[in-house]
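As they're listed, the protein sequences go chains A and B.
Residue numbering for the first sequence follows our numbering, starting at 1035 and increasing by one per position.
Residue numbering for the second sequence follows our numbering, starting at 1035 and increasing by one per position.
Note that these hints are calculated values from the structure, not bench results.
Take the hints with a grain of salt, since some may be wrong.
Note that the list lumps identical chains together, so a pair holds whenever it fits in one copy or between two copies.
[Said to hold, decoys possible] Below, simulated SDA-like cross-link-like pairs (lysine to any residue); rule was C-alpha separation at most 25 Å, straight line:
#, residue 1, residue 2
1, K1224, S1341
2, K1044, D1086
3, K1197, R1070
4, K1294, P1278
5, K1135, D1314
6, K1116, E1134
7, K1141, E1302
8, K1285, V1061
9, K1224, I1073
10, K1330, D1164
11, K1290, I1225
12, K1167, N1184
13, K1294, P1263
14, K1224, D1340
15, K1294, S1261
16, K1294, S1279
17, K1294, P1186
18, K1168, S1279
19, K1044, N1195
20, K1294, N1264
21, K1044, S1279
22, K1294, N1184
23, K1224, S1249
24, K1285, N1264
25, K1197, S1249
26, K1224, S1344
27, K1168, S1261
Number of protein chains: 2
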Amino acid sequence: MRWLIVGHGKITANFIEAARGTGHEIVAVAGRNSERASIFANKNGIENSGEDLLLLSEGVDAAYIATPHTGHCDGATTLLEKGVPVLCEKPLAVNHRQAEKMVNAAKESNTFLMEAMWTRHLPIYEEVIDWIKKGLIGEPKLVDASLGFNSPYDPESRLWNPKLAGGSLLDVGIYPLTLADLIYETTPEKISSLAELSPDGVDAHIAITLQFQNSALATLGSAINLSLPNGATILGESGSIEIPSFWCAQKAFTTKGSEKREIFRPHEINGFEYQIREVDRCLSEGLTQSPKVSWKCSLSMIQLMDSIRSEIGVSYPADDEEHDGI
Amino acid sequence: MRWLIVGHGKITANFIEAARGTGHEIVAVAGRNSERASIFANKNGIENSGEDLLLLSEGVDAAYIATPHTGHCDGATTLLEKGVPVLCEKPLAVNHRQAEKMVNAAKESNTFLMEAMWTRHLPIYEEVIDWIKKGLIGEPKLVDASLGFNSPYDPESRLWNPKLAGGSLLDVGIYPLTLADLIYETTPEKISSLAELSPDGVDAHIAITLQFQNSALATLGSAINLSLPNGATILGESGSIEIPSFWCAQKAFTTKGSEKREIFRPHEINGFEYQIREVDRCLSEGLTQSPKVSWKCSLSMIQLMDSIRSEIGVSYPADDEEHDGI
Chain A
1035 MRWLIVGHGK ITANFIEAAR GTGHEIVAVA GRNSERASIF ANKNGIENSG
1085 EDLLLLSEGV DAAYIATPHT GHCDGATTLL EKGVPVLCEK PLAVNHRQAE
1135 KMVNAAKESN TFLMEAMWTR HLPIYEEVID WIKKGLIGEP KLVDASLGFN
1185 SPYDPESRLW NPKLAGGSLL DVGIYPLTLA DLIYETTPEK ISSLAELSPD
1235 GVDAHIAITL QFQNSALATL GSAINLSLPN GATILGESGS IEIPSFWCAQ
1285 KAFTTKGSEK REIFRPHEIN GFEYQIREVD RCLSEGLTQS PKVSWKCSLS
1335 MIQLMDSIRS EIGVSYPADD EEHDGI
Chain B
1035 MRWLIVGHGK ITANFIEAAR GTGHEIVAVA GRNSERASIF ANKNGIENSG
1085 EDLLLLSEGV DAAYIATPHT GHCDGATTLL EKGVPVLCEK PLAVNHRQAE
1135 KMVNAAKESN TFLMEAMWTR HLPIYEEVID WIKKGLIGEP KLVDASLGFN
1185 SPYDPESRLW NPKLAGGSLL DVGIYPLTLA DLIYETTPEK ISSLAELSPD
1235 GVDAHIAITL QFQNSALATL GSAINLSLPN GATILGESGS IEIPSFWCAQ
1285 KAFTTKGSEK REIFRPHEIN GFEYQIREVD RCLSEGLTQS PKVSWKCSLS
1335 MIQLMDSIRS EIGVSYPADD EEHDGI
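Next up, chain A with everything else stripped away, as it sits in the complex:
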């Protein structure tokens, strides 16, 4: 497949490595600043670059959108309306309204759209979910997971800037939320969260508790001002599963009484290859969405994050309809 990359931040390095490693081509890169896009293109051996999304999307099979969150909606809808399949970084958008707009654009043009929530495609999770379905740990009762790092406060950076939908929830909190969703496979019945807000009103550190069917709980944390444990534990009625570095997991351990098991599913490249293959598979089968990260799934995740933001009092300029571009 021939790809257009939209944006050229740090995460694109992972995408490029995995795409090329699985036989894909990166043929163009789009950025808001032609000069910077051109430097990036030269450095990475990419033929075309510039600011014009539609022009650059000529002849590509799909586009990967990796701009700051606030650029997802505008970039994706522009491409989808033209019928260019889109893999869009997580979160799909800043809020449910924007995500719905993107999904509607995909529906109307009958074009593929998938949120790049790569964790959902990692092979280790097939095994973990299989363990749970086979009753290895009994009914899951608690998912405990956190993802947080300590980044110096910088009001202008993507991470801290409300204009760029900064804060920990949208950037890394989505990973523990995704884990809870993978395990419980349903939306929570109750949400309860408390957060430390930055001087500019984005969440620097948040603790989220979710309650699911049968009162199963998830205790989740994320931070951009604190190194959290960054592991995950799933406790069932009769056993437990540990997943170190759960968002990019290659290993999982299960304990049931004195019986312990370990599985290791190393990434072939860096873990991004599984979602890239899924895009390839879906396009070759003529699908407009992936069953692994369906539109419903992405919409439900962003709706949940909207609810959490409402509870902790975080809102962005992008929550206003006037601000759907970067």
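Dock chain B against chain A, hints included.
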């Protein structure tokens, strides 16, 4: 010191071992059933036994109350009104109203009363608090701790029976709450909790988030239907502290960058000896309360648990003023 023990459940074995090991005497045991109290007394080499608290308290230096929670208020006030110093198992009472009644009885008779929250006296915590005060991990931002075990549902047992103020919060949830209080030394500004309730309406599993000054968080869990990790982590801005088995801790580990330290303060006996010595010290100095577990501290802890119970919808018959006895 010569002690009267009120109640003869499992925990009294720890008390007897630690008391005798530090040169104290157990001279009497009171129980609601004379025959069972007498069997316990014979088995444990205790001279007197019976049902009459006041009679059995003749000539003792203090009483240790270890009945189910619902018996604390009645037993303690009876003894305090007669001027018998009381060490009363945690929680001090089922609710704030009962605890206040006990504290008032202690005040009016000028008699010693202390909640047996033994964790507060463990030597390891002096070191941990010293580390924090010296800035070893920077400002504490997260206390994460849980205590939970899997006990089969039995509606008649102390653990599950609302009439005996069952549930995980009062029984074991008080330990992670105590840890947060030890670290932050202040009452939380916000509370948020979700719980799984038993068929009889006690909390089988609860997840609590507390927010303190400067938005520091505590994420705490307890359960009587699930084996929780049972460890504690304190994350600061520049380092962390791990406390395995924090409620009976003998070890702590601290990490700051690549620097790691470990301390080991083994119990002399079983950990109960430190609170027993504190009672001895307070009585010999003529104190009516201990600075380590002040009345204010116990009242604040039970008030917090009242608030949490109100949030999750757990109430006991003992919350009604008519039910202050067992």
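These are the hints, each one checked on the structure:
1. Proximity of K1224 and S1341 under a CA criterion of 25 Å is satisfied in both settings, with 10 Å inside one chain copy and 18 Å between copies.
2. Proximity of K1044 to D1086 under the C-alpha cut-off of 25 Å is restricted to the intra-copy arrangement: shortest distance 21 Å within a copy versus 75 Å between copies.
3. For the identical chains of this complex, K1197 and R1070 are intra-copy neighbours only, at 21 Å inside a copy versus 70 Å across copies, given an alpha-carbon limit of 25 Å.
4. When the C-alpha separation of K1294 and P1278 is checked against a cutoff of 25 Å, the pair qualifies both within a copy, at 15 Å, and between copies, at 21 Å.
5. In this homomeric assembly, K1135 and D1314 come within 25 Å of each other (Cα to Cα) only inside a single copy, at 24 Å, whereas the closest approach across copies is 71 Å.
6. Taking identical chains as interchangeable, the C-alpha atoms of K1116 and E1134 lie at most 25 Å apart only when both belong to the same chain, with a minimum of 17 Å there against 71 Å between chains.
7. For a Cα distance limit of 25 Å, the shortest separation of K1141 from E1302 qualifies neither inside one copy, at 33 Å, nor across copies, at 70 Å.
8. Proximity of K1285 and V1061 under a CA criterion of 25 Å is satisfied in neither setting, with 34 Å inside one chain copy and 57 Å between copies.
9. Taking the closest pair of Cα atoms, K1224 and I1073 never come within 25 Å of each other, the shortest separation being 48 Å inside a single copy and 49 Å across copies.
10. Proximity of K1330 to D1164 under the C-alpha cut-off of 25 Å is restricted to the intra-copy arrangement: shortest distance 23 Å within a copy versus 51 Å between copies.
11. In the homo-oligomer, the alpha carbons of K1290 and I1225 never lie at most 25 Å apart, since the shortest distance is 29 Å inside one protomer and 34 Å across protomers.
12. In the homo-oligomer, the alpha carbons of K1167 and N1184 lie at most 25 Å apart only across protomers (21 Å), although the nearest pairing inside one protomer, at 36 Å, exceeds that limit.
13. Taking the shortest Cα distances, K1294 and P1263 sit within 25 Å of each other both inside one copy (22 Å) and across copies (16 Å).
14. With identical chains, the CA atoms of K1224 and D1340 are at most 25 Å apart both within one copy (14 Å) and between copies (21 Å).
15. In the homo-oligomer, the alpha carbons of K1294 and S1261 lie at most 25 Å apart only across protomers (16 Å), although the nearest pairing inside one protomer, at 29 Å, exceeds that limit.
16. Taking the closest pair of Cα atoms, K1294 and S1279 come within 25 Å of each other both inside a single copy (19 Å) and across two copies (21 Å).
17. With identical chains, the CA atoms of K1294 and P1186 are at most 25 Å apart between copies only, with a shortest distance of 23 Å across copies and 40 Å within one.
18. Taking the shortest alpha-carbon separations for K1168 and S1279, only the intra-copy value of 24 Å comes in at or below 25 Å, while the best inter-copy value is 31 Å.
19. In this homomeric assembly, K1044 and N1195 come within 25 Å of each other (Cα to Cα) only inside a single copy, at 17 Å, whereas the closest approach across copies is 56 Å.
20. Taking identical chains as interchangeable, the C-alpha atoms of K1294 and N1264 lie at most 25 Å apart whether they share a chain (22 Å) or sit on different chains (19 Å).
21. In the homo-oligomer, the alpha carbons of K1044 and S1279 lie at most 25 Å apart inside one protomer (19 Å), although the nearest pairing across protomers, at 40 Å, exceeds that limit.
22. For the homomeric pair K1294 and N1184, the shortest alpha-carbon distance between copies (19 Å) is at most 25 Å, but the shortest distance inside one copy (33 Å) is not.
23. Taking the closest pair of Cα atoms, K1224 and S1249 come within 25 Å of each other both inside a single copy (9 Å) and across two copies (23 Å).
24. For the identical chains of this complex, K1285 and N1264 are neighbours both inside a copy (14 Å) and across copies (23 Å), given an alpha-carbon limit of 25 Å.
25. For a Cα distance limit of 25 Å, the shortest separation of K1197 from S1249 across copies, 23 Å, qualifies, whereas the shortest one inside one copy, 37 Å, does not.
26. For the homomeric pair K1224 and S1344, the shortest alpha-carbon distances inside one copy (14 Å) and between copies (16 Å) are both at most 25 Å.
27. In this assembly of identical chains, the alpha carbons of K1168 and S1261 lie at most 25 Å apart only when taken from different copies (20 Å versus 34 Å within one copy).
Hint compliance for this structure: hints 7, 8, 9 and 11 are broken, all remaining hints hold.
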